[in-house]
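Generate coordinates for the entire structure from the input sequences, incorporating the hints supplied.
Chains Y and F, in that order, give the protein sequences. If you use this note's numbering, the first sequence closes out at 337, no skipped numbers anywhere. If you use this note's numbering, the second sequence closes out at 486, no skipped numbers anywhere.
There could be a bad hint or two in this list.
Derived CB-CB ranges, DEER-like [to be verified]:
hint: 1; chain 1: Y; residue 1: THR303; chain 2: F; residue 2: ASP395; range: 20 to 26 angstroms
hint: 2; chain 1: Y; residue 1: THR303; chain 2: F; residue 2: ASP330; range: 41 to 47 angstroms
hint: 3; chain 1: Y; residue 1: GLY100; chain 2: F; residue 2: LYS96; range: 53 to 59 angstroms
hint: 4; chain 1: Y; residue 1: HIS102; chain 2: F; residue 2: ASP383; range: 37 to 43 angstroms
hint: 5; chain 1: Y; residue 1: HIS300; chain 2: F; residue 2: PRO411; range: 55 to 61 angstroms
hint: 6; chain 1: Y; residue 1: THR154; chain 2: F; residue 2: GLU308; range: 31 to 37 angstroms
hint: 7; chain 1: Y; residue 1: GLY128; chain 2: F; residue 2: THR399; range: 56 to 62 angstroms
hint: 8; chain 1: F; residue 1: GLN482; chain 2: Y; residue 2: GLU129; range: 47 to 53 angstroms
Partner residues aside, some chain Y positions facing chain F, computed with beta carbon under 8 angstroms [said to hold, decoys possible]:
hint: 9; residue: GLY73
hint: 10; residue: GLN75
hint: 11; residue: GLY76
hint: 12; residue: SER124
hint: 13; residue: GLY127
hint: 14; residue: GLY203
hint: 15; residue: ASP207
hint: 16; residue: SER210
hint: 17; residue: SER211
hint: 18; residue: CYS309
hint: 19; residue: LEU314
hint: 20; residue: VAL315
hint: 21; residue: CYS316
Partial list, derived from the structure: chain Y residues whose beta carbon lies under 8 angstroms from chain F [as the list claims (entries may be wrong)]:
hint: 22; residue: ARG135
hint: 23; residue: THR204
hint: 24; residue: HIS277
The set of hints was computed from the structure by calculation and includes no laboratory data. Owing to the predicted nature of the structure, the values given are computational and were not obtained by experimental measurement. Backbone N, C-alpha and C define an ideal beta-carbon position, used for all residues, glycine too.
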Amino acid sequence: MTAADLPRETLTVPHRPARARAPSRRPAAIVLIAAGVLGALVTGCRTGGADADAGAALGSTTTDVVVPAVHSGPQGDTAQFVVKCAFSHAGPDDPIVHPGHHGASHRHDFFGNTGTDSESTAASLVGGETSCTQRLDTAAYWAPSLIDHGEPVTPLGAIAYYRPAPGVDQTTLTPYPTGLKMVSGDPVAQEPQPVEIAGWACGTSSDVQSSPPVCPAAAPLRVRITFPDCWDGRNLDSADHRAHVTRSQQGTCPSSHPVLLPQLTLVVRYPISGDGHDLTLASGATITAHADFLNAWDEHELTDQVTMCLRRGLVCSVASNKAEDEPQDSPTSRAGS
Amino acid sequence: MQRWGTNNAGRIDRAGHAARLIVAVIAVTMVAAACSQTDNNQTATGTQNPGTTGVPAVAGPSGVTIRVPADQPTVQAAVTAAKSGDLILISAGVYKEGVNVETDNLTIRGVDRNKVILDGEFTRENGVRVLGANGVAIENMTARNFTGNGFFWTGVTGYRGSYLTTSRTGNYGVYAFDSTKGQFDHDFASGSPDAGFYIGECYPCDAVITDSVAEHNGLGYSGTNSGGNLLLVNNTFRFNRAGVVPNSGSYELCYPERETTIVGNTVYSNNQGDTPAIDVALLAMGNGILVAGGRDNTIERNLVFDHERTGIGLVPYPETDAVDNIPPEDAMKKPCADTKKAPKVDPKTVKNPVYWPPKNNRVVGNVVRKSGLADLGVGVLGDMTVPNLNNCFSDNTATTTSPTDLQAMSPCDGKGNGADPTVGALDLVALMASPRPGKGDYKTQPEPGDQPNMPDAAGAPARPATDVPMKIDVAAIKVPAQPAGT
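Quick look at the structure:
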């Protein structure tokens with residue numbers, strides 16, 4: 001039995017209900033209707049313009065948040081390909097939420113394409129340099145910087161897992177269109193998010209929690225963000241940067257978003273273990289974990305990976321539970337962050 | 001095995017050029033009688049791989065040879081054009097491509113192992129990747145400078161890699177995952193941070209690695225959660241960080257590693273501090289044969305020498321972030337295929353840390369010398385003790401053991417002498433914590449020199465991997481002679 005086989009319930013709730021947002025291990029499907037009210041919330045809870053992420057956009061439309069069925073346990077029973085990326089750089093940029101506005105975002109850590117900044121588009125990224133071992137993955141991945149006692153933590157690296165979501169018909173998977181933009185996780189969360197979307201764990205443990213656990217040195221802290229896997233088939237982005245994609249439910253994409261995509265889970269690894277840390281994110285508390293993806297893969301390579309590996313149910317790469325031999329790109333910080 | 005014959009009439013050109021096609025059609029018509037068996041064969045079997053289930057539908061070669069670049073300009077083009085049972089024969093040259101194979105029963109062969117080179121230019125991921133295509137054999141060529149693997153089979157039944165050379169690959173050299181019925185022979189793998197040779201996630205694997213060499217890798221051989229009629233025999237593992245490291249872990253399916261037979265290998269000088277390395281290779285450095293949390297393995301008649309730590313060591317593999325607990329004893333014979341169907345584990349029930357114990361391993365008749373800590377060693381963690389792990393040691397030529405007098409304490413026949421297993425014990429905690437040389441860059445590891453070619457590469461018929469693994473008379477294998485110059 002997979003997570004997709006577990007019983008589900010759908011809750012239609014107004015505006016961020018604490019109970020519904022609690023980090024339950026039950027894969028409940030939650031729909032948040034946040035129009036208008038959410039905008040007010042965003043305005044009320046933000047502390048500065050430069051800290052704004054998806055908030056303004058989130059406030060403007062109805063946003064569906066569906067808790068996904070996600071993979072847990074050992075690799076190898078599900079088709080996948082995995083990309084391991086070194087930390088590339090950090091900066092107050094967000095080419096999805098604040099395109100063209102350098103400094104308008106909170107600080108992000110970037111992985112993948114080494115040229116990502118606020119001006120980045122798929123056209124500017126494709127064919128660029130990458131911090132990933134898979135050199136044809138020139139997509140951009142980013143997440144808010146982890147802060148420890150007020151200082152940014154330099155990540156150890158990131159791992160992007162591409163898999164069919166539990167329960168879907170993998171033979172119908174479609175590669176991401178070039179230029180697709182996705183944001184997952186709630187950068188203005190006031191309550192714990194569903195851990196199936198955004199959560200913290202020690203090493204490869206499947207025990208994902210809404211707040212960072214205290215980790216042993218051999219299995220340091222990771223944050224894990226799972227992206228939507230259903231696309232409307234038309235729009236590479238949307239006003240709130242979310243409405244054009246959603247998550248499969250019980251193995252099926254809704255008719256509004258009929259195109260089944262791989263389920264991307266981005267894991268960011270940090271050199272954090274033991275006690276004595278005071279952790280926050282650049283976006284706020286650690287419950288505001290989120291990540292962004294701008295697809296700028298080499299189109300042919302991505303298509304090969306999806307059609308040859310995922311559609312055929314094959315494991316084309318795995319991530320070790322130990323540190324990998326990642327690219328030696330040295331961390332750099334851009335834009336004075 | 002020339003089922004259909006490989007002669008000029010049988011070499012049907014399926015090149016993409018229209019002119020060639022026309023010629024080919026005419027040729028087929030003219031020699032219809034001669035080729036009827038071939039055509040029937042292809043029609044009957046279909047040519048598209050049906051997926052990852054089932055065994056190869058056709059056992060023999062088709063008699064068709066596609067030459068690169070004469071018939072197809074690239075290896076990938078030839079593979080794409082090929083049908084089940086075809087032989088793809090590659091002329092000398094540097095091919096800057098990575099090849100994906102989705103068709104069953106191909107034989108992909110270079111005419112000269114040292115001059116047919118797939119070059120990833122540190123951009124492409126795999127030299128040749130066989131995706132769910134059963135019975136694919138790759139022979140007599142080199143893959144270098146790939147960010148992932150040199151030669152890689154995943155999700156197949158039937159695979160063979162013969163007379164292959166890999167160097168400077170970012171993950172593995174010669175690699176099979178989630179695959180059964182395989183054979184790696186006469187291969188040479190160097191310059192990988194993980195392992196030169198890897199067979200993982202299979203039980204029973206029904207596979208053999210023989211007459212092959214691994215050097216300048218993080219690990220010469222690694223096999224996570226593999227075993228069951230898995231033979232490593234008559235190979236050489238040298239100048240790696242660690243030599244032969246079967247291992248268990250819950251991060252991939254089909255744990256634990258078990259029932260690997262390691263016999264007649266020459267394992268020496270695996271202390272190489274300038275290799276690329278994943279963290280496990282850093283930890284394992286300086287050991288010849290190191291079973292990390294594996295069980296029921298047979299380690300016999302190997303020649304093992306010149307290691308900073310142990311010649312043959314049996315140690316637990318600790319996981320502090322395990323995703324499952326150790327399966328019960330009555331699950332040790334559970335086929336890997338059944339494991340995939342098992343219910344998901346509730347993460348809250350996993351009791352970290354998990355120490356995978358090295359249990360029931362049989363270490364007999366090896367010649368082991370010049371080991372820094374112990375020629376033969378068993379390490380324990382947690383509540384393990386050397387006796388209760390039930391490993392046995394007999395008839396080994398060894399000077400030092402840890403614990404002291406290990407062979408008398410844990411013989412394979414009869415009862416142990418009851419000696420105190422803490423005397424002379426390995427201090428694993430201290431060893432794991434001790435600093436090790438940093439990682440080298442896989443891109444700058446030594447290039448291998450020329451390696452022996454397969455016999456009659458240009459003329460031998462196709463031989464898809466439908467007759468593997470080869471039969472090995474393990475009992476007849478003797479301890480190897482000391483290599484010249486060592």
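Outcome of the hint check:
1. THR303/Y with ASP395/F: 20 to 26 angstroms: Roughly 57 angstroms apart at Cβ, these two residues miss the hinted range, so it is violated.
2. THR303/Y with ASP330/F: 41 to 47 angstroms: 45 angstroms, holds
3. GLY100/Y with LYS96/F: 53 to 59 angstroms: 38 angstroms, violated
4. HIS102/Y with ASP383/F: 37 to 43 angstroms: Violated: the Cβ-Cβ distance is about 57 angstroms, outside 37 to 43 angstroms.
5. HIS300/Y with PRO411/F: 55 to 61 angstroms: 60 angstroms, holds
6. THR154/Y with GLU308/F: 31 to 37 angstroms: 32 angstroms, holds
7. GLY128/Y with THR399/F: 56 to 62 angstroms: 57 angstroms, holds
8. GLN482/F with GLU129/Y: 47 to 53 angstroms: 49 angstroms, holds
9. GLY73: 5 angstroms, holds
10. GLN75: 5 angstroms, holds
11. GLY76: 4 angstroms, holds
12. SER124: With a minimum Cβ separation of about 20 angstroms from chain F (threshold 8 angstroms), the hint on SER124/Y is violated.
13. GLY127: Nearest chain F Cβ about 11 angstroms off; hint violated.
14. GLY203: 3 angstroms, holds
15. ASP207: 4 angstroms, holds
16. SER210: 14 angstroms, violated
17. SER211: 16 angstroms, violated
18. CYS309: For CYS309/Y, the interface hint holds, since the closest Cβ of chain F sits about 7 angstroms away, which is under 8 angstroms.
19. LEU314: 4 angstroms, holds
20. VAL315: Cβ of VAL315/Y sits 6 angstroms from chain F, so the hint holds.
21. CYS316: 6 angstroms, holds
22. ARG135: Holds - the Cβ of ARG135/Y comes within 8 angstroms of chain F, reaching about 5 angstroms at its closest.
23. THR204: Given a least distance of 5 angstroms, the restraint on THR204/Y holds.
24. HIS277: Hint violated; HIS277/Y Cβ to chain F Cβ min 18 angstroms, cut 8 angstroms.
Of the numbered hints listed earlier, those contradicted by the structure are 1, 3, 4, 12, 13, 16, 17, 24.
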